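Engineer: Line by line, the protein sequences are chains A and B.
Position one of the first sequence corresponds to residue 749 (our numbering), numbered consecutively onward.
Position one of the second sequence corresponds to residue 749 (our numbering), numbered consecutively onward.
A hint or two may mislead.
Copies of the same chain look alike in the list, so a pair counts if it fits in one copy or across any two.
[As the list claims (entries may be wrong)] In silico lysine-lysine, DSBU-like type, Cα no more than 30 Å apart, as pairs:
id, residue 1, residue 2
1, LYS936, LYS1073
2, LYS1073, LYS913
3, LYS899, LYS951
4, LYS856, LYS1073
5, LYS856, LYS951
6, LYS936, LYS856
7, LYS913, LYS957
Honestly, the hints are just simulated from the structure, not real lab data.
Treat the numbers as computed from the prediction; the structure is a model and nothing was measured.
2 protein chains.
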Amino acid sequence: MSQPPPAAVGQRLAEVDTPALVLDLDAFEANIATLNRAVGQRVRVRAHAKTHKCPDIARRQIAAGAVGVCCQKVSEAEALVEGGVHDVLVSNEIVGAPKIARLAELSKRARLGVCVDNAQNVRALSDSNASLDVYVELEVGMARCGIAPGKPAVALVREILNSPKLRFAGVQAYHGRAQHVRSMAERKASIDRAADAVRLTKKLLAEEKIECPIVTGAGSGTFMFELESGAWDEIQPGSYVFMDADYARNEWAAPLPRFRHALFVLTTVMSRPRPEVAIVDAGLKASSVDSGMPTVWERPGLAYTHASDEHGWVEGAPAPALGDKLLLVPGHCDPTVNLYDWYVCVRRNVVEDLWPITARGALA
Amino acid sequence: MSQPPPAAVGQRLAEVDTPALVLDLDAFEANIATLNRAVGQRVRVRAHAKTHKCPDIARRQIAAGAVGVCCQKVSEAEALVEGGVHDVLVSNEIVGAPKIARLAELSKRARLGVCVDNAQNVRALSDSNASLDVYVELEVGMARCGIAPGKPAVALVREILNSPKLRFAGVQAYHGRAQHVRSMAERKASIDRAADAVRLTKKLLAEEKIECPIVTGAGSGTFMFELESGAWDEIQPGSYVFMDADYARNEWAAPLPRFRHALFVLTTVMSRPRPEVAIVDAGLKASSVDSGMPTVWERPGLAYTHASDEHGWVEGAPAPALGDKLLLVPGHCDPTVNLYDWYVCVRRNVVEDLWPITARGALA
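Just chain A, with the same shape it has in the complex:
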């Protein structure tokens, strides 16, 4: 059910059939270097692999200094360990006997972490005999998972400490919603509030003489705020390797470094129904529209205005001709990557490599 490789090494980009998911290696490598320069040794980097779902990318992030990666699903962790990654944090709650059994099995092969926000879940993990780093997830503004900071979190930490097979590894404080708040000042304010929640929880833990080894969290839109607050030990940026059109709509300034667009959908004009409209062969099954439409790369007169399942509308001037190819910057990189089996890795318009997206469709 996997699709065959959509290109061949040595092919020119213009020859690649479409739609194809294209990774610009120069931009990708520059983004990894940019993150390293911005962060230095001030916090650990645990790159988020939910973005790319690809061990080839995870291994490069680790070679560049990341302590490991994180992901959201047990099946993603399995694909990453299978691909040679030895330190994976499932930055999410894992509920249900089948998945916990898989987590326990995988914990024999790699250093594995998981988040909890519920004592019942801690007991289920403990009963599985898994060897796990367990992080208490704090609710810091997403209104999603997580336990209230302060006393409720400390009570849950005690549940972990009372489970001899589990290692209390610290707390996760991730404010995903803040990543996409447009204004720098409001993003910083969200993270300042999250930092207060972290400090309160650490203070109560310290009063009980409980060591909190690691505070982990942060994403590509805010990580410098977490870093500068001093409240986090580890950051989890994912999208920085690709940068998508939604992140590009954020206000972006120091202390955040500037990343390049490295991920594209290559598409072909398949119909020219009217002078100012080109229909392309990449619709919403080729570029996820949950965070808005893709943008057209380096064609300032053109806009991708809407999508149906297999078609996209590109409007403006000068309109491309039938058969012309365009590069789109996806609206949201994570769910777009999940639609493909392969990265077509390109350097200066020549295909240099093909990387399989082995955690594509890893839902469970």
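We have chain A; now place chain B onto it with these hints.
Structural biologist: Coordinates of chain B only, in the frame set by chain A:
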């Protein structure tokens, strides 16, 4: 890169790990029978396989009387032919040398059709030596692909007739946008206008003594209007086998028969952060949100209110407990199916079969 089968035959639905794509076989079979009863012998049915991407389903549709299937991509057609389907219409324009070469190759193995809206594309198809049924696609209100009805369409038909290797098979008149217009009266009005465009084009063809073998088109939200107009010979419904939440939001009455929801996403409650909120493990990578949120099946007090990549918010009362499982009706079935590798086929809450979604990710 394919995911392993997510369930085992004989398992109870409650034991299936999540998220999983569940097909209720009783409802699925009822939907096929309902379509047959409504349509009778009045038009041919060419079921749209872009919805299900699965030869196991296509073969059942054909066994129930469909003349074949249609799809949107050459790679989908390849997966269907590989899976034993011998009559496939690519109901879309196919542009670019690599894809046309694949179409030509596939045309040696199956009866294959394709649409055109451009003379340059007709010449490229002709030069490929493909053995193809070629349909001229009329623009009938979608503002997508298609050539203007009447004289421009007739001129394009002549291009096909002048290409000895191509067979002029008729015209395609598909009004996808009309499928989702909420009011019955407005949907019918859209199809009445499309029927006028078809009749005009057929009249001009008849005046030139050109036979138009087949008029094909229509989808699940309108097909009875096309049928009753008398202007179509063949209908292309796809979503009727599953019915999604978006179709359920349409006004629905005679002459359209009522279909059942047959496709579900099984999900688990993974966090209970507040009394009235349950976080489930199916987000927008598990149920496409392009046409709105999924609905919660047979839990009238609960609403799935929003999604992030791997999480969904279910709100209302009585709130489900941690670990409880819910069935979601996807907002839009086609892109949701494209996120999965397997249908977990269930009859009366027991897994009866697992069908691979072999055209999942078939983008090219």
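Engineer: Would you mind marking each hint as holding or not holding in the structure?
Structural biologist: Hints, verified against the model:
Taking identical chains as interchangeable, the C-alpha atoms of LYS936 and LYS1073 are never at most 30 Å apart, the minima being 40 Å within one chain and 37 Å between chains. In this assembly of identical chains, the alpha carbons of LYS1073 and LYS913 lie at most 30 Å apart only when taken from different copies (28 Å versus 55 Å within one copy). For a Cα distance limit of 30 Å, the shortest separation of LYS899 from LYS951 inside one copy, 10 Å, qualifies, whereas the shortest one across copies, 79 Å, does not. Proximity of LYS856 and LYS1073 under a CA criterion of 30 Å is satisfied inter-copy only: 29 Å between copies versus 47 Å inside one chain copy.
With identical chains, the CA atoms of LYS856 and LYS951 are never at most 30 Å apart, being 34 Å at best within one copy and 73 Å at best between copies. In the homo-oligomer, the alpha carbons of LYS936 and LYS856 never lie at most 30 Å apart, since the shortest distance is 40 Å inside one protomer and 61 Å across protomers. Taking the closest pair of Cα atoms, LYS913 and LYS957 come within 30 Å of each other only inside a single copy of the chain (20 Å); across copies the shortest separation is 83 Å, beyond that limit.
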